[in-house]
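Visitor: Listed below, chain by chain, are the residues.
Number of protein chains: 4
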Amino acid sequence: MTGARPVSPAVSAGEFARTYEACKNWGRWGPDDEKGALNLITPERVAAAARLVRSGRRVSCSWPLDTQAGPDNPKPVLHHMTIMQDIHIGDAGDLRFTGDFIGIEFHGDAHSHLDALCHMAYKGLMYNGVPVDEAVTSLGASRQTMDVARDGLVGRGVLIDIPRLRGMAWVEPSDFVYADEIEAAEQAQGTRLAEGDILFLRTGHARKRLEEGPWEAAVAKAGLHTSVMPLLHERGVAAIGWDGDGETVPSQCEGVAYPIHAIGICAMGLYYADSLSFEDLATACEEERRWDFFCVIAPLRIEKGTGSPVNPIAIF
Amino acid sequence: MTGARPVSPAVSAGEFARTYEACKNWGRWGPDDEKGALNLITPERVAAAARLVRSGRRVSCSWPLDTQAGPDNPKPVLHHMTIMQDIHIGDAGDLRFTGDFIGIEFHGDAHSHLDALCHMAYKGLMYNGVPVDEAVTSLGASRQTMDVARDGLVGRGVLIDIPRLRGMAWVEPSDFVYADEIEAAEQAQGTRLAEGDILFLRTGHARKRLEEGPWEAAVAKAGLHTSVMPLLHERGVAAIGWDGDGETVPSQCEGVAYPIHAIGICAMGLYYADSLSFEDLATACEEERRWDFFCVIAPLRIEKGTGSPVNPIAIF
Amino acid sequence: MTGARPVSPAVSAGEFARTYEACKNWGRWGPDDEKGALNLITPERVAAAARLVRSGRRVSCSWPLDTQAGPDNPKPVLHHMTIMQDIHIGDAGDLRFTGDFIGIEFHGDAHSHLDALCHMAYKGLMYNGVPVDEAVTSLGASRQTMDVARDGLVGRGVLIDIPRLRGMAWVEPSDFVYADEIEAAEQAQGTRLAEGDILFLRTGHARKRLEEGPWEAAVAKAGLHTSVMPLLHERGVAAIGWDGDGETVPSQCEGVAYPIHAIGICAMGLYYADSLSFEDLATACEEERRWDFFCVIAPLRIEKGTGSPVNPIAIF
Amino acid sequence: MTGARPVSPAVSAGEFARTYEACKNWGRWGPDDEKGALNLITPERVAAAARLVRSGRRVSCSWPLDTQAGPDNPKPVLHHMTIMQDIHIGDAGDLRFTGDFIGIEFHGDAHSHLDALCHMAYKGLMYNGVPVDEAVTSLGASRQTMDVARDGLVGRGVLIDIPRLRGMAWVEPSDFVYADEIEAAEQAQGTRLAEGDILFLRTGHARKRLEEGPWEAAVAKAGLHTSVMPLLHERGVAAIGWDGDGETVPSQCEGVAYPIHAIGICAMGLYYADSLSFEDLATACEEERRWDFFCVIAPLRIEKGTGSPVNPIAIF
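Chains as they are written, first to last, in this note's numbering: chain A, 1 to 316; chain B, 1001 to 1316; chain C, 2001 to 2316; chain D, 3001 to 3316.
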């Protein structure tokens, strides 16, 4: 699939609607399904992915939890020591414990996290046509919650490295990644996205942030063009992680501020892992001379949650 | 190793001191080492462990985050919805997001979590002889922090199922598990603990909690007898998870309330994953007819942290 | 007003509806009013109340913030030290600061707090007929918020001490206080409730809690019978504080679990200060031989809030 | 007292030490005293202060709780809705409650708060010579905690308005206020500071913040010169509130970054209310043609706390 790159990044409401419908997985795995595209990761594919482990090298794809407020971090993580070595546990053996508390509003542009499918609704409906009003109350979510993925996202990970393809340090904020680039990167890397894969899409967001410091990512971010989504749908990608959140900001999509989330989460039932860092992973891929690996993302079991902070691990 | 079971569970101060010294890994991986027994998980062993994946079955070993205060949960997890579907994102496409916040003081008996090595000091010293006063301040930890394990605990997991061995639903709180039982379980299960393994030790704590409800675990808990630790040291266990926290409470060890933590964390440099649930895992082991599997524990990147909430994943 | 005590505590739906309508202050202070019965505290009445200060004695009417989970405290307050004396501020003068964090979900039975008028809606409408859906979103409240009372509840406080009247240590949970008892207490104390007063209604809840320990207050609590509300309406009470929350639990009101909140907050526009402690105040009143005093309740400025933790101060 | 203004704002270590000693109140109210200068607010003075209430006008001196991160707000307040009107309480009466959570690390430059005496130690000692290591642990403070002031700071408040004196909108950050200005303001306002007064010192910090937006107050702030402290000591000021925190930043005091805190809190035992806003109060003083008023500051009862968020109320 994928033909020519669109003349302009602008996407009309009609085009968006057609893409949304074309990518819909509603009903594909039954009317009550809550796992969405994770269904594509069959046990056989998990087992096959494990056979990718050869060197045993492991790489974290998460930022450290960021406790410093900044232009892309309006909700800094709380980290408090709650007990320290000044407290001697009452015995002759002189034991001392240290302990701590974290508080985290994990969505947004600063904290590596996984989106549950209930994180988003388009026209009032979540994936598989579930009305968001039936799924989420002020006491928490009850359908398509984070806990659906309690056993983890486990499978073949594939890094698609766009800055490498372009020969640049990063994709500039507000720029788009197109379908032909995904395919060109596949070719350049010798790795083709296949059904059940967990795609890691590198724009170099993290590198820019490390080198130039944080910026107001909510208003300027590099991501996918909506025309990429049919390619990913066709290939059967099961989940996606990115160093941004997949969206190009500002959106060029008529009337839809977050088209990649709408199509991916609501239409396709894709789990998105946002605000990751692939800097160490990109290095490892170069050194290992391959861009696929075994991948494990283990969300916390937040039963009524819309997502979770995560530390995705790539294993070579 | 391991000889006869001790006549009484009581451990004198002298015995404890001898065991502590006998298990010490200080200096073993260099004076500045912070990884402790994780050093035993070599890349080769990671790769070998991945070859254990055959069926592709995955199992979570974590409790859901517990937001209800109770006798073993004095610090319930905070879970707050921070944005809901009543907020329409300002565009014609009618996007709506839901988001949430979690707050968690993860140590203790209610929340599945991993201990960093800086979680504990015995006689003022952490693993490898680091003075706790040099490692931890009220602003957070700087040495042997959770982030040392940022790339995850990845390797061969082995479930040692004591209730299965005993033919009982669970080990009663205040009872001890002895070294001969570990060895008997190995035999019964056909699985021998080897160097670099991640031991999952099931006492049935979680089953008792599920069936009879929570109790004040801080004062009554089943765990290991200190005489088990030399066996685990000899075998080269690299990390341990349990459904309790390894300790029998009340302690029978003279002057030391938490001898298993002291020996394991401080002397051996062992990472402990506490308050896990092995109920699903035990079922899976029975059904798969094997008690070893590929294991991934991916802590959040809490740079100054003493631990992390985790959701360990076993993969068959 | 007030005639005979009702034959039974049971209140039919019809009786409730009549009482609700009879007590309605909607429109009384204009269609856009958000201050409700606080309008009754005119500046002149503030000045008059200040003249009650004679001895200069001051009394707190708040519990300490309760960080211990318990049967009436499912959401214990978080209190974390965030900086301590181990951190030397970088100068020769050896300055050291200590600092802390509190986290509090203040409604409920354990934390002394003030309810904003937006805390409650009856049949979808808040005080003055404002639809709750126009006033509160998941991002916070915008109408009748806590910040309406930013300048404090300041005026004449009157303690009505029911256990004193009854000659008992406390009113038993599930028991009702009736209108004739309010009047009898007025007489016994020589203090008549007047327009603009802040009523402090003592049931002895705090004394029972101090003497016998906390109980599950959500299911057993002493409070007012709904027939008291017309008396308070007639007298022009401007706000109420209590050691419970005004409600008798279980409710005897057909179809309405919290009739006192519905009538007081929604119909009358009364600010309620819940879960106070009047034990010190009761002692002070006895010693000062009077049951009225200057009263200041200063809520935190939570602009989008539905209430605030408070420490009401009585000044004699 | 007070002679000529110092030639330069620079304060040598020796001068600081002399001022510190000269202002010391240690032992003045007994060796175990924890109330410090609050002892100067006798009941008689409370009663006298209440007689200042004439018009009944009330003014809040607090900022709203600030949930937005910014250059002076690195720890934004958490405000989460925890229950909303989507939850119908289970009865025919259709009751709905809204509730919320706040989390606040209240010290710093953004949140109106009161310092407990245990907030600070100079050379290891708090007020009255108490070693900070005996008073504060990682589990909280036990001496000179916020709860010492549980009955509130109640007395005569006096606003000293420096921008009014200078005929400027505000005192520029890094500028000092001197003793002769305090006295000149007293004269200009016709109000003399007397023993037991609560001083409110206006630099116009809040006005600058409102007009020009927040700045990095931690590195540029207007406050008192250390030479003012003996004047305040002589007059017997009992507590101080300010729109900054009393400190000029950067400090011109040799080796002491926060000399006003050291002298006031540690030597004198003064409670400081920091980061207040006097903009409404200044207007009220002009309109009422007087700069003294009845003042109530009611801290939350944080038993082990080093301070509290507060909403000080001035009553005319």
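What the hints contain is simulated information worked out from the structure, not anything from laboratory work.
Bear in mind that the values here come from a model prediction, so they are computed numbers and not experimental data.
Watch out, some of these pointers could steer you wrong.
Claimed, not checked - Each computed DSBU-like pair below joins lysine-lysine, with the alpha-carbon atoms no more than 30 angstroms apart:
#	chain 1	residue 1	chain 2	residue 2
1	A	Lys123	C	Lys2024
2	C	Lys2035	C	Lys2024
3	C	Lys2024	C	Lys2123
4	B	Lys1035	B	Lys1024
5	B	Lys1123	D	Lys3024
6	D	Lys3035	D	Lys3123
Stated by the list, open to error - Cβ pair distances, simulated, as ranges:
#	chain 1	residue 1	chain 2	residue 2	range
7	C	Ser2142	A	Glu134	57 to 65 angstroms
8	D	Thr3283	C	Arg2028	42 to 50 angstroms
9	D	Arg3028	A	Ile87	49 to 57 angstroms
10	A	Lys123	D	Ile3089	51 to 59 angstroms
11	A	Pro250	D	Ser3008	34 to 42 angstroms
12	B	Gly1213	C	Ser2012	54 to 62 angstroms
13	D	Gly3236	A	Ile87	52 to 60 angstroms
Heads up, the beta-carbon is just placed ideally off N, CA and C, and yes, glycines get one too.
Visitor: Each of the hints needs a verdict: does it hold here or not?
Guide: Going down the list of hints, with the structure as the test:
| no. | hint | result |
| --- | --- | --- |
| 1 | Lys123(A) to Lys2024(C) | violated (39 angstroms) |
| 2 | Lys2035(C) to Lys2024(C) | holds (14 angstroms) |
| 3 | Lys2024(C) to Lys2123(C) | holds (14 angstroms) |
| 4 | Lys1035(B) to Lys1024(B) | holds (14 angstroms) |
| 5 | Lys1123(B) to Lys3024(D) | violated (39 angstroms) |
| 6 | Lys3035(D) to Lys3123(D) | holds (20 angstroms) |
| 7 | Ser2142(C) to Glu134(A): 57 to 65 angstroms | violated (26 angstroms) |
| 8 | Thr3283(D) to Arg2028(C): 42 to 50 angstroms | violated (29 angstroms) |
| 9 | Arg3028(D) to Ile87(A): 49 to 57 angstroms | violated (33 angstroms) |
| 10 | Lys123(A) to Ile3089(D): 51 to 59 angstroms | violated (30 angstroms) |
| 11 | Pro250(A) to Ser3008(D): 34 to 42 angstroms | violated (53 angstroms) |
| 12 | Gly1213(B) to Ser2012(C): 54 to 62 angstroms | violated (39 angstroms) |
| 13 | Gly3236(D) to Ile87(A): 52 to 60 angstroms | violated (40 angstroms) |
Hints 1, 5, 7, 8, 9, 10, 11, 12, 13, counting from the list given before, are not met by this structure.
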